[in-house]
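Visitor: Protein chains in written order, with our numbering: chain F, 1 to 177; chain V, 1 to 160.
Just so you know, not all the hints are guaranteed correct.
Claimed, not checked - Simulated restraints on C-beta separations:
1. F:W59 to V:G72: 53 to 61 Å
2. V:K31 to F:L152: 36 to 44 Å
3. V:S160 to F:L75: 28 to 36 Å
What the hints assert, rightly or not - Using 25 Å as the maximum straight-line C-alpha spacing, the simulated BS3-like pairs for lysine-lysine come out as follows:
4. F:K67 to V:K102
5. F:K2 to V:K35
6. V:K102 to F:K105
To be verified - A short list of chain V residues far from chain F (calculated; beta carbon distances all over 10 Å):
7. A11
8. A20
9. R23
10. F62
11. E69
12. I81
13. V82
14. I85
15. G104
16. I150
Keep in mind the hints are simulated off the structure, nothing from the lab.
It should be emphasised that the depicted structure is a prediction, and the values quoted were computed from it without experimental measurement.
Glycine included, every Cβ here is placed at the ideal spot set by N, Cα and C.
Below, each chain spelled out in residue letters.
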Amino acid sequence: MKYLKRYKWVILILLIDIIISIFSPSDGGLVFKNTVLNFRTMLAVIPPIFILLGLMDIWVPREAIVKYMGDKSGLLGILLGIFLGAAAAGPLYAAFPVAVMMIKKGAKYSNVISFLGAWSTLKIPMFLFEMSALGLDFAVTRWLINIPGIILMGFLVDWMMSHGEKTVVLEAVQKNF
Amino acid sequence: MSFTIITYILAVVGLAASFAKDRKKTKMAFKKSYKAFVNIFGDLALVLLLVGLLMTYISPDFIGRFIGEESGVWGIGLASIVGSITLIPGFVAFPLAASLLKQGAGLVPIATFVSTLMMVGVVTLPVEIKYFGRKQTFLRNGLSFIYAIIVALTMGVLLS
Chain F
1 MKYLKRYKWV ILILLIDIII SIFSPSDGGL VFKNTVLNFR TMLAVIPPIF
51 ILLGLMDIWV PREAIVKYMG DKSGLLGILL GIFLGAAAAG PLYAAFPVAV
101 MMIKKGAKYS NVISFLGAWS TLKIPMFLFE MSALGLDFAV TRWLINIPGI
151 ILMGFLVDWM MSHGEKTVVL EAVQKNF
Chain V
1 MSFTIITYIL AVVGLAASFA KDRKKTKMAF KKSYKAFVNI FGDLALVLLL
51 VGLLMTYISP DFIGRFIGEE SGVWGIGLAS IVGSITLIPG FVAFPLAASL
101 LKQGAGLVPI ATFVSTLMMV GVVTLPVEIK YFGRKQTFLR NGLSFIYAII
151 VALTMGVLLS
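Chain V with its partners taken away, still in its complex shape:
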């Protein structure tokens, strides 16, 4: 939350400084901001609605049952899919991952889950595609998916 407060302070100070220097330009900047927000609002709203729906049915409990039990290739595969599709904030995901580890879940599947969760965003695809186009979006997410698994496997080697 502190970061958000900093951006608010910066925005207010920036606006004030800009306004003091040139009213017309400030108005132009504001118009651009507004236009950019309106442009993306539809796609953003879609993502937020999708996540709201997914969060209800793919609860942390459900995720735990899904990725806590399987291990090996199956476990890693499941964890990577669940991590890619869901969009849950870190303050929910990290304690969940910790409790699964305590219950005996494997390190590699859990690390896969955490890594894909952060790097790959299936539900945010509409917004990302709107900004960067399909090719770049699929490249970034695809490579992130592969690398997330590499990270998890490396962690498995180094930490256990």
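In isolation and in its complexed conformation, chain F is listed as follows:
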């Protein structure tokens, strides 16, 4: 019963998939192919990230993250958040647990939001690909305009979240990792 409740939406989508397959086997086949592809991508990307996060939780002292990305980290913290996000590749959902670990270890809220922003849109491997497909002007302009926005959004979200709301997130974070 616990599992049924936990996976109710998953079960619903699976039912929709099955209904589609009954009425249109070709569509069903395509849905199946796409879904398998998504799971394969996830299973390729996620395990090492979680292993690294587990190790980080045990070995990296809180003071280190506080020093480099915490409340008093200033410009270094902002740049580090953006750099770490831009150096990554992989779907955004892989960035969430990393951001969670940063919060847990005492990184400043705005820096974590900037990290997520950078991961979503500044990723270097993606940038290179964007450049080859859409040209230098398009890719470089987009990349550069995004940087101030990402920093600004970090501050805005930080500012719009009350202390209590951040505590709730922190508690959830501690439960989820």
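Mind docking chain V on chain F? Use the hints.
Guide: What follows is chain V alone, placed relative to chain F:
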């Protein structure tokens, strides 16, 4: 893919170093990793299933027909909605955007599509909410949506 390989190398080296230093702690780390993965698996599975379903019916072809033709405010609005809802990898999205531009689609709608696609994730909301709660998730996605349009409009001014 190279990034994934690097994370695997780091994970293996990290595990080995950790194991050499302290077996018990390594076991603890591994348990934490496993627990964290199991905790999120349901929400992640939901997102992946949703995307699998959406990808089938909102194909690149379909997206092209949708955002290639309209321009002006309508075009930007449509492009931002399609970009926010879909979750297609860059190696599909960028060539699609390039071919739409070649066919005469406006720069601003296409830039809107690319920007919202990368920054706003409607289908990944369940996972994001599970980690960060509703407020932060909606703030991040809402502000990203607004900024994505600002980026596109600025690109329109600078590049055309």
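Visitor: List in ascending order the numbers of the hints, as given earlier, that are violated by the structure.
Guide: 4, 6, 7, 16
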